[in-house]
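Asker: Below, each chain spelled out in residue letters.
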Amino acid sequence: MTHDPGTGQVEPGSTRDADGMAELFERRLTRRSAVRGLVAAGAAGSLMGAAPAFARSTARKRKTATTITMWGNHPEWKPVLDRLIAAFEKTHPDINVELSYKPGPQYTAALNTALAGGAAPDVIGWIEGDAIRVGAKAKQIDALDGKIPVAKLIPAARAQVAFNGHVYGSPLAAYTVGIFYQRPIFKKYGLKPPTNWAQLMAVTKKLAAEGVTPWSMPAKDMIIPYFFYIMAASSILGQDGYRGLRRGTRKVTEPQVLKAAQLMIDLQEYYNKGFQAVSYAEGKALFAQGRAAMLIGGSADYTGYKQVNPKVDVGVFGFPSPSGNRHVTVTGMELLYTVNAKSSHKPEATTLVAWLSSKGAQQVVANELARPIAVGAVPSASNRVGREMVLAGAPDIPVWYSQPETGGTFGAITSAGGIFTGDLDAAGFAQKVQASIKPNPKA
Amino acid sequence: MIAPIYFLVLGSFKSVEEFFAAPFGLPAHFGLDNYRRAWTEASISTTIRNSAIVTFCSVVVSTVVSCLASYSIARLPLRGSLFWRLLFVGGLIVPVQLIMVAIFIIMRWIGLLGTLGSLILVYSTFGIPLGVLVLVGFFQALPKELTEAATLDGATDFQTFMRIVMPLSLAPILTVVILNGVWMWNDFFIPLVLSTRPNVETLPLGILNFFGVYSTEWGLIFASVVLSALPVVALYLLMTRRFIAGMTAGSVKG
Amino acid sequence: MKAIRRPRPQVWFLLPAAALYGAFFILPTLASYWLALYDWSGLGPIGSFIGLGNFKRVFQDAEFRSAALHNVWIFLALALMTNTLTLFLAILLDRKSWLRGPYRAIIFLPYVLSPVVTGFIFEILLSPNIGVVNPGLEAVGLGSLQHEWLADPSTALWAIVIALAWQWNALATVIFMAGLQNVPPEMKEAAVTDGATTWKVFRHVTLPYLAPAFTVVNVLLAIFAFRAFDLVYVIGGAIGAPNGATLVMGTVIYGNAFGKGSYVDTTRMSYAMAEGIVLFLVLGIIAAILLVYLARRERRVY
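Chains as they are written, first to last, in my numbering: chain A, 8 to 450; chain B, 5 to 258; chain C, 4 to 305.
Quick caveat, the hints were computed from the structure, so don't treat them as lab data. Quantities reported herein were computed from a predicted structural model and do not represent experimental measurements. Some hints here could point you the wrong way.
Residues of chain B clear of chain A, computed beta-carbon distances all greater than 10 Å [claimed, not checked]:
#	residue
1	V13
2	S49
3	P81
4	L82
5	L90
6	I97
7	Q144
8	D157
9	L234
10	P235
Heads up, simulated SDA-like pairs for lysine to any residue below, C-alpha to C-alpha not over 20 Å straight-line [as the list claims (entries may be wrong)]:
#	chain 1	residue 1	chain 2	residue 2
11	A	K258	A	P446
12	A	K144	C	I94
13	A	K85	B	L234
Each pair of labels, with its calculated beta carbon distance range [what the hints assert, rightly or not]:
#	chain 1	residue 1	chain 2	residue 2	range
14	B	N203	A	A166	34 to 44 Å
15	A	R298	B	L239	34 to 44 Å
16	A	A166	B	W43	38 to 48 Å
17	A	A72	C	L79	51 to 61 Å
18	A	D152	B	L239	33 to 43 Å
19	C	I292	A	G255	48 to 58 Å
20	A	G197	B	R53	55 to 65 Å
C-beta: ideal position from N, C-alpha, C; glycine also.
Could you build the full structure based on these sequences and the hints that come with them?
Answerer: Encoded structure:
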């Protein structure tokens, strides 16, 4: 096509004059029918896409089992959870469980949207902390008093699901965080897990001197630094001190407790290269591959290490206090499962939630997944790491963000990355954390 | 320019140790192990099918709807046309995160939640701004004599549109198809919110979930990424000649 | 004698588009504007009406301002590159007509990849542990330039700019190449026979004909730079590691709307919506300014 844009004239021979157009028209005649065909296909496809909505409802009427939906936020647990669900379905042949996963960071987005839209799954899993209480208050979940074997739950689990005089559900598993270390590396240099801060520094320095990266500290999403800090601070405070923190009688800005933040800064030169932008997953891989000697890790991470390096040989120790009089682990709950108040299958959903704390389910959790939440379930002897984890904590402190008074600490520390860039010193960091704490004298 | 893609493909054949040991090096062997695992464990067969259906239908619907609308807008007097153009192009500016909650509620209200249909409707809607952006300019540049001749002969507006204008517009339409098709295929946020059941997840979402499970098996992840990009790349390479011709006649005219 | 009908737009042509758009875009957008006037966290009941309270806080929010500034840097960097290097590249490729075909196919490839995937690739390439950039620099003797690209606040954003540029460049080059096709060769030949140098030909013949392409590229660029989300989210996350250096408005909004991590975080949905509206206004103004300026230049040519 040629044309002179200035005058709008049409050159002969271009498609703009009548003859050219007729030619074009002939050529494009077949295309026209193609276009019509496409449009028809598009319309058909759209209807097809909508069809499942109708198909689903008729299909369900035919099946004898009821299907309930449930969400998980650990896609890497799929193999184990599939087996768990299969076991449940076997003993409850009239219930079909459809478990789907939303990857960790996107879980909240998907769940909140679903709740707002009134289309959350039958069994709703809440991230521990305040969310479940907000949901209960907003009547989004039902009270399950008398239907959950509360006595079987460990106190930490009970605290999360039983409040305001009602019980709302049960978690499936708990996680405990301690310090994982590479046993072969420690053995090679004749090191033992440190029991106080002096030893901690000594071990770190010795490893560095031998050319080994002492700590894997992936800080991209500030999760590991968060746990490092609360463990360090808890090791100074102890269980009573932590309760005092919640009550307002203790503060993280006290000179003794400031040491926790300072430790994180002092160890900075011993973290893996570029740690501030290294993601949690990469940090785990680094450790599992033996390229770092120590990593703050949770009981569920062990599966991840094995995925990366099936021959991985690790041990666990609790975070020592400065003087060595205690070793701290922190425990939190994985998703807290409850029954959706808007569900049309409440009895089945309740059965599932109640079953989560059963002996069978919890034994599987203890052996293969994470920390059990039922009293008496102990990892079998074959799970050395699991046992070590359970024993590592004396005392075991609830993870700070699960308690209403210290719930804001996660947000505070997430935005306190300045501690690694030099924009925040220990005092500044502690101040930020303290500002997010809402003391409650009756805690 | 191509370096990242080169490393992507190379990496898809490596094992995790190889990543650490020799980031630059060639993998030990070019086995298809990673690809096989990626295909089965990332449920690629399901998600690819869903993506294909959703993208195809959305592209068709949004293109058809945009063509009709753009033709009408191109014939409007200046103020009217400017109003509609700004209105539609505004769709390119609003961040999608915000309106997803509202769209979710609407979808639930009309009962399409958890179906591919909901995705198709949303994508079709968001494909309109690009379509209008490209097509209105093109239609405005078409000389009036074309359509006037047809009108004089007694054709209705629709007949004029279908028989005269449409055949001439294949080039810019192709531009719109490709530009919309690419982002619709790659989008993950909308299915993240609207795909409440696993059987309606699309490819990007499947890959993202896959990342979550095998977050450190980079070879495996790269393989899944290559698999997910292959359909679009293949289609694109096939259509590339037409596409360039389309860009010439269409978007450049503003 | 048939009366000559004035071409009147068929209103019903607009109907399907308007219906879809109205239901699935206008309506939700209005709903979020309305929600921005409340105090909703995203979970539970909607909360109290606070009018313009959220908007006031947005303008005082240092984090949002910092993110907006990052968007501006991205825009400026990409604009600079696009209007010089990319254009140059397009011209080069335009010359060698035999190279055009295959090159064009490959050049557009980066844009075809999903931004999530691209972010992921670049993150790995720049990784201090398994990346190839640092070892690569060492291999060519520039080992001293090695850096923790993504961990250093001063380089992290630029690393992201490079990743964005990689994808954006693909689209811009192709659009420019198309625009160059539009320059009538006779005009160029006429200028050459009149004795003009290559530079003069470019400046007075080619460039004016490229004006429409310029408009399209720069407006799309503004939208791309200010709406950047997928890629930036993958590399920097909702907290913009390290320490907020890689935050853009898109990720700040996402973080406020849906939480910043996989653990507990109080979301602030209404506030996020207010931020989104501000983003919309900012981008709208910039796009409008660009359009007016560039359209005027276009008209001067024709």
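Asker: Take the hints in turn and mark each one as holding or not.
Answerer: Evaluated hints:
No Cβ of chain A comes within 10 Å of the Cβ of V13/B; the nearest lies about 21 Å off, and the non-interface call holds. With a closest Cβ-Cβ approach of about 17 Å to chain A, S49/B is found to remain outside the 10 Å limit, as its non-interface label requires. P81/B, annotated as away from the interface, keeps every beta carbon of chain A farther than 10 Å; the closest lies near 19 Å. Distance to chain A confirms L82/B as a non-interface residue, since its nearest Cβ pair spans about 18 Å, more than 10 Å.
Non-interface call for L90/B relative to chain A: holds, since the shortest CB-CB distance, roughly 25 Å, exceeds 10 Å. A cut-off of 10 Å between C-beta atoms confirms that I97/B is not in contact with chain A; the least separation is 22 Å. Every Cβ of chain A is farther than 10 Å from the Cβ of Q144/B; the closest lies at roughly 12 Å, confirming the non-interface assignment. At the 10 Å boundary, the C-beta of D157/B stays outside the reach of chain A, the nearest C-beta of that chain being 12 Å off.
The claim that L234/B is not at the interface with chain A holds, since no C-beta of that chain comes within 10 Å of its own (minimum 22 Å). Once the 10 Å rule is applied to beta carbons, P235/B is consistent with being away from chain A; the minimum gap is 17 Å. The straight-line distance between the Cα atoms of K258/A and P446/A is roughly 10 Å, inside the 20 Å bound, and the hint therefore holds. Among the hinted pairs, K144/A with I94/C is inconsistent with the structure: their alpha-carbon atoms are about 64 Å apart, more than 20 Å.
Among the hinted pairs, K85/A with L234/B is inconsistent with the structure: their alpha-carbon atoms are about 27 Å apart, more than 20 Å. For N203/B paired with A166/A, a C-beta distance near 37 Å keeps the hint of 34 to 44 Å intact. Range check, R298/A to L239/B: Cβ separation about 41 Å, and the 34 to 44 Å hint holds. Against the hinted window of 38 to 48 Å, the Cβ-Cβ separation of A166/A and W43/B comes to about 44 Å, which satisfies the hint.
Here the CB-CB span from A72/A to L79/C is close to 60 Å, well matched to the stated 51 to 61 Å. The hint said 33 to 43 Å for the Cβ distance between D152/A and L239/B, and at roughly 57 Å that hint is violated. A hinted range of 48 to 58 Å for the beta carbons of I292/C and G255/A is consistent with their spacing of about 53 Å. G197/A and R53/B have their C-beta atoms about 58 Å apart, which keeps the hinted 55 to 65 Å range intact.
The structure does not agree with the numbered hints 12, 13 and 18 stated previously, though it agrees with the rest.
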